[in-house]
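Chemist: Note that the protein sequences, when read in sequence, are chains E and S.
Taking our numbering, I'd label the letters of the first sequence as residues 1 to 190.
Taking our numbering, I'd label the letters of the second sequence as residues 1 to 251.
Source of the hints: derived by calculation from the structure; they are not laboratory data.
Remember, it's a predicted structure, so these values are computed and weren't measured experimentally.
Note that CB positions come from ideal geometry on N, CA and C, so glycine has one too.
Since no wrong hints were added, every one of them can be taken at face value.
Partial chain S-side listing against chain E, Cβ under 7 Å, derived:
1. Asp9
2. Glu13
3. Met16
For each label pair, taking beta carbons as the anchor points, the in silico distance ranges come out as:
4. S:Pro53 - E:Gly160: 41 to 51 Å
5. S:Met76 - E:Arg69: 44 to 54 Å
6. E:Asp122 - S:Arg10: 15 to 25 Å
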Amino acid sequence: MMNASQNFSEADIIAGCLKGDRKAQLALYNTYSAKMFAVCMRYAADYSAAQDMLQDGFVKVYRNIEKFRSEGSFEGWIRRIFVNTAIEHYRKQVNLYALHDNTVAGYESYEASALETLKHEDLVKMIQTLSDGYRTVFNLYIVEGYSHKEIGDMLGISEGTSKSQLARARYLLQKMVMEGTDKAQQSIRN
Amino acid sequence: MDQNMKSFDRIIEQRMNEETVPPPFGAWNRIAAQLDAMPMAAAEPAPVNNYIPKRVVASFIAGMMVMGATIAAGFMLRSSISDKTAAANNGAPAVSSFTMAQGNTSDVLRNPNTLGETSPVSKLPLYAPVTVSKRIAMAKPAAPVAETSKVVTPETKNNAETGVNSSSDVPTPVEAVTLPASKLTEPYYFPPVDIVTPEKSKEDVAITRIAKNDELAKASTDDDRPKADQKKFKPHHRRPGWAWGSINRMQ
Numbered sequence: 001m002m003n004a005s006q007n008f009s010e011a012d013i014i015a016g017c018l019k020g021d022r023k024a025q026l027a028l029y030n031t032y033s034a035k036m037f038a039v040c041m042r043y044a045a046d047y048s049a050a051q052d053m054l055q056d057g058f059v060k061v062y063r064n065i066e067k068f069r070s071e072g073s074f075e076g077w078i079r080r081i082f083v084n085t086a087i088e089h090y091r092k093q094v095n096l097y098a099l100h101d102n103t104v105a106g107y108e109s110y111e112a113s114a115l116e117t118l119k120h121e122d123l124v125k126m127i128q129t130l131s132d133g134y135r136t137v138f139n140l141y142i143v144e145g146y147s148h149k150e151i152g153d154m155l156g157i158s159e160g161t162s163k164s165q166l167a168r169a170r171y172l173l174q175k176m177v178m179e180g181t182d183k184a185q186q187s188i189r190n
Numbered sequence: 001m002d003q004n005m006k007s008f009d010r011i012i013e014q015r016m017n018e019e020t021v022p023p024p025f026g027a028w029n030r031i032a033a034q035l036d037a038m039p040m041a042a043a044e045p046a047p048v049n050n051y052i053p054k055r056v057v058a059s060f061i062a063g064m065m066v067m068g069a070t071i072a073a074g075f076m077l078r079s080s081i082s083d084k085t086a087a088a089n090n091g092a093p094a095v096s097s098f099t100m101a102q103g104n105t106s107d108v109l110r111n112p113n114t115l116g117e118t119s120p121v122s123k124l125p126l127y128a129p130v131t132v133s134k135r136i137a138m139a140k141p142a143a144p145v146a147e148t149s150k151v152v153t154p155e156t157k158n159n160a161e162t163g164v165n166s167s168s169d170v171p172t173p174v175e176a177v178t179l180p181a182s183k184l185t186e187p188y189y190f191p192p193v194d195i196v197t198p199e200k201s202k203e204d205v206a207i208t209r210i211a212k213n214d215e216l217a218k219a220s221t222d223d224d225r226p227k228a229d230q231k232k233f234k235p236h237h238r239r240p241g242w243a244w245g246s247i248n249r250m251q
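One chain only, chain E, in its complex shape (with noise of 0.2 Å):
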């Protein structure tokens, strides 16, 4: 199943995917099902979730890939797309409201070398772990790159709202990331 994605290229692939060729989607799914997962974990709450963000995006994918112009990476049109239908999943359940406090602060005893000894599984179920809101905000400013005002557009809120997220998010997560290195830490000794 593996060997079926060395033999395409990324023309070959879309090529045989605009004629509805299963051997070319088999070989899409395979080139790029790891990091398309690694983006459902971040914006899913779960597991099972995830599970089926996959799916609806592959399936997206294969119906709108004549709309793909060759302008730009392949592999960001997917990863817009999968982006595209976390939002979709999640926007009537996410109830964003701006904070009283925009500007909240980093938690205090965080450290830099805490986070790059934590493990990847740790850390999405850390993300997993924030409100459907914080999450989102935090995946779109942070991992996907995009502006409040952007990420504002999307998710039908103010950009106020957006940064008073994001900066919530990312207290919470330093916190737990400070809360688990201690915990860590303490088990060691243990």
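Since chain E is already given, all that's left is putting chain S on it; use the hints.
Modeler: Okay, now just chain S, sitting in the frame of chain E:
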């Protein structure tokens, strides 16, 4: 604190973009099943970006138009020069009008009967009316017309020296009939056909045919002779009693 925040953001971005998570087992089967369940949309390929720019197309069309206009102008100039050359040779003013059907304008001659008019005559150099000064020059190509009036038969050919036609047909002149010059100049001139003289009798035709058949019978006895030769002289698709008539031209 800001530096701390920036480093935190940078590390998060780097870790999230580099790491991959293997998809769950069976995810592809679910995706394929969903694709099969959904009606296949008509996937039209996206327009390719490597289209020819509009300005290139426009410049190409403009260049072709310029070339066409240049060729047409050159053709018309050439035709006008040819008109002037032909008119200078004929001693008459050049023909002003021009049509594509006339082709080479040197063949266009003016009708002497309508001297002064500028309308050209259609292209028929042998039979077109010419000026008086050209009659002598044009008589030479018309000579074959007079010569063809001579009836060339084997009998007449043999008696060319004696001048006597010994055949049973109506005596015909051996010498070439010299037609009047006026008739040479007239267009579409054909000498009248003598319809009074009866055709060759059927007996003569039968005798001729029988003679030919005798020849064939002699040839068939020869085993070395190939069959293809017999087919040459074997008459077929001919009605009995039919033969080529003879045309006796009047003096």
